[in-house]
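We have chain R already, so just place chain V on it with the hints.
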Amino acid sequence: MTKIFNKLALSTSALLASGSALAATGAVADEFKWMTFAVFGVIIAITMGVTYWAAKHTHTTSEFYAAGRSVSGIQNGWAIAGDYLSAASFLGIAGLISLYGYDGFMYSVGWLVAYITVLLVIAEPCRNIGKYTMGDILAFRNEPKKVKTVAALSTITVSTFYLTAQMVGGGVLIKTLIGIDYETSIVGVGILMLVYVVFGGMKATTWVQIIKAGLLVCASLLLVFFVWMPYGFSLPDYLQAVVGDTKVQAQVAKLLGDKATTMTAAELGQRFLEPGLFLKSPIDQISLGMALVLGTAGMPHILMRFFTVPTAKAARLSVIWAMGIIGGFYVLTLFLGTGAAMLVGPAKIASIDPGGNMAGPLLAQYLGGGADSLLGNFFLAFVAAVAFATIVAVVAGLVLAAASAMAHDIYVGVIRGDHATPQEQVVAARVASVIVGIMAITVGIMAKGQNVAHLVALAFAVAASSNLPAVMLTLYWKKCNTGGIIAGMLIGAITAIALVMISPNMTYPQAVIKAAHKVIDGDPASEAKPAVEAKSGEGFSCELFATCKKAEPAKAAEDAKPAKPGTREKLVTLQAKLDAATDEADKKKVQADLDKVKKAHDKAEGDLKKFDGQTTSMVGLEKPFFLLKNPGLISIPLGFLAVIIGSLLYRDQRAEDMWDELYVRQNTGINAEAASAH
Amino acid sequence: MSKPSMNWAAIDADPRFQALHRKKTTFLWGLMFISTVYYFLLPIGAAYYQDLFKIKVWGVVNVGILFALSEFIVAWAIAFIYSKKANAEFDAMAQEIINDAHKMGA
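Which chain is which? The protein sequence lines are R and V, in order. Numbering that gives the first Met the number 0 numbers the first residue of the first sequence as 0 and each following residue consecutively. Numbering that gives the first Met the number 0 numbers the first residue of the second sequence as 0 and each following residue consecutively.
Where hints are given, some of them may not hold.
Label pairs and their in silico Cβ distance ranges [stated by the list, open to error]:
| hint | chain 1 | residue 1 | chain 2 | residue 2 | range |
| --- | --- | --- | --- | --- | --- |
| 1 | V | S4 | R | V41 | 52 to 60 Å |
| 2 | R | P523 | V | K55 | 53 to 61 Å |
| 3 | R | Y230 | V | I80 | 32 to 40 Å |
| 4 | R | A265 | V | F32 | 52 to 60 Å |
In the DSSO-like style, the derived pairs of lysine-lysine whose C-alpha atoms are separated by at most 27 Å in a straight line are [to be verified]:
| hint | chain 1 | residue 1 | chain 2 | residue 2 |
| --- | --- | --- | --- | --- |
| 5 | V | K55 | R | K258 |
| 6 | R | K312 | V | K102 |
| 7 | R | K477 | V | K23 |
| 8 | V | K23 | R | K312 |
| 9 | R | K609 | R | K174 |
| 10 | V | K55 | R | K279 |
| 11 | R | K478 | V | K23 |
| 12 | V | K102 | R | K477 |
| 13 | R | K609 | R | K145 |
Calculated from the structure, these hints are not laboratory results. Where a beta carbon is used, it is the ideal one built from N, C-alpha and C, also for glycine.
Just chain R, with the same shape it has in the complex (with noise of 0.2 Å):
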């Protein structure tokens, strides 16, 4: 065993040494690529060490899946905040606070509020109940067969959608950065990944989590300290200093577009800690709300983790230090999201990630000295380790999630109705783990180019309405039973993935070629337009089906407005101007210009050919026919209501008769799960 480990480490470090070779360009200057791949190496050979340790440990199934139960409250709460600080929520809030300002940071509030739930219905039961999978809890007082196969199916389509987000996210953000092969760095981290789990299980993945947790709390620490130092800590102080800031002003007034023109620069400013600038439907807020709070609690890969403590207590312990670490670490997002839109600007950070993705290891770069200082450059270098550890860490978590489901549920659950040796579970695991790598690095490479955002909240809504209904009522209603089990989670997922496909978050073809049509040719002249009254809907489901008119908000008067060039026009102006530009900065000034022109022009040309000739998204819809963005809102109650309707019509007498002894075992720990003795 240890031999092949040894192999495959090296592999894996040739293959990223090699990327080395493949760098092209990025966020980090060639000169200072050494640096990243210096860091990425010390974080690699520590984890290797970690994992090769682990491996040693790793032989019975308890501690494949659940690392023996040996994992201490503390070290499980800095692993669950190492699962849940995902890129999307290190690198992607504090983007969005960098651009949006104050929606951003409203938006990371409900992944803390999340863990309310985790810690108070569901972390000491699953603990008390559980074994190594979710599937474990739902067949405790049902008919296992049935209830495993769905319960591994919600886990498998959960983390498949969290996964992919990760792969293509993580692909993307390691080419912006350091400039490798979007293919090999998804290669790259899948290997890597497999690694981790299949030889050290659980126990490595633990440890490579809280390894990330540490790194990412360490450097955002540092950053928010050199941030917040100059204005003696004191947060009036600070904010003061964001909204007097032109280029925060600046980027209120793009958003705003008409609307700031009689605004005062104190005014945009001040608007910057404001509301409304990023979100706009209040109901596709209280729908993703929902999602996150409930969702995060039907996560596979973080009921998972309260399989690893001793005691139901230490669940408890692990879900409070989570809550301090994730928490704490959004709001030092605060800080990095506005010290990066008044440091490194707005329009800078947008410039080379549209999302925003960029803001923190650009803020990095600009405390560290700026893009010409080797400081600057090993700041850079040390939050683009970080970004791709915690890359590799949450799809580790995932990956054994998933594989769990389709090993401990599904082969040895199902298909061999539990009577499998200790031994051929190890294997089935550690096999499952590699089909499920496999997977995910193909899934990614197809999935190149596609637009994922939206997967981690879909992942969040199926979880919310497949798995939690069901955990939750077999947990705390004593006549739920099977039926209502199955019902309520084919039908919660279902409903959450349809909704999803006929919603604002697939592409709608005519949308696209109209926008197109805009970028190059450019908008008409319009006349001057009076003010529009707020018009009101036609009732609560206009808001939410495109069945009846929705309710408009008031609009303003608008000023007759000039033509607007389309990049068709200006490319010809700019050229003219480009020859005739005699000085040498005028002519770099204007061909960057041209530069960023042709670019634009080029996405909507090659938008239009891609979608020429469709006029339907891939379900056949024109336009959206559910109109918010996050199911949540009818797909959560739905599925709720499946399982009590299902488990009314089905009766089952020996799950009633079992109620008191799930109720029992879930509130004292009599009879759970022992951590195994070392």
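Same frame as chain R, now just chain V:
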């Protein structure tokens, strides 16, 4: 790994277990209710009470920012209150039941 079989119905019927069950249920779902309501006040306030959120109270710091920060404080406070209560009360009550569990209904 044989586990002693228990008379679960007897434990469930035990007054001490019933007391634990009642206390825990009210406490947990009460906290859950408070945290949910408090959380959804944020998106609702940001959407429908923007004028309130825009009031500056501490330099440029406005009600909206303080309210968002208070969400963190409330979440931590709920976690802290729950763990205090569970460590001090629920665990001890459960331990008593565990100690006598094998005798119940025998």
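Hints not upheld, ascending by number: Going through the list in order, the structure violates hints 2, 4 and 13 and respects the others.
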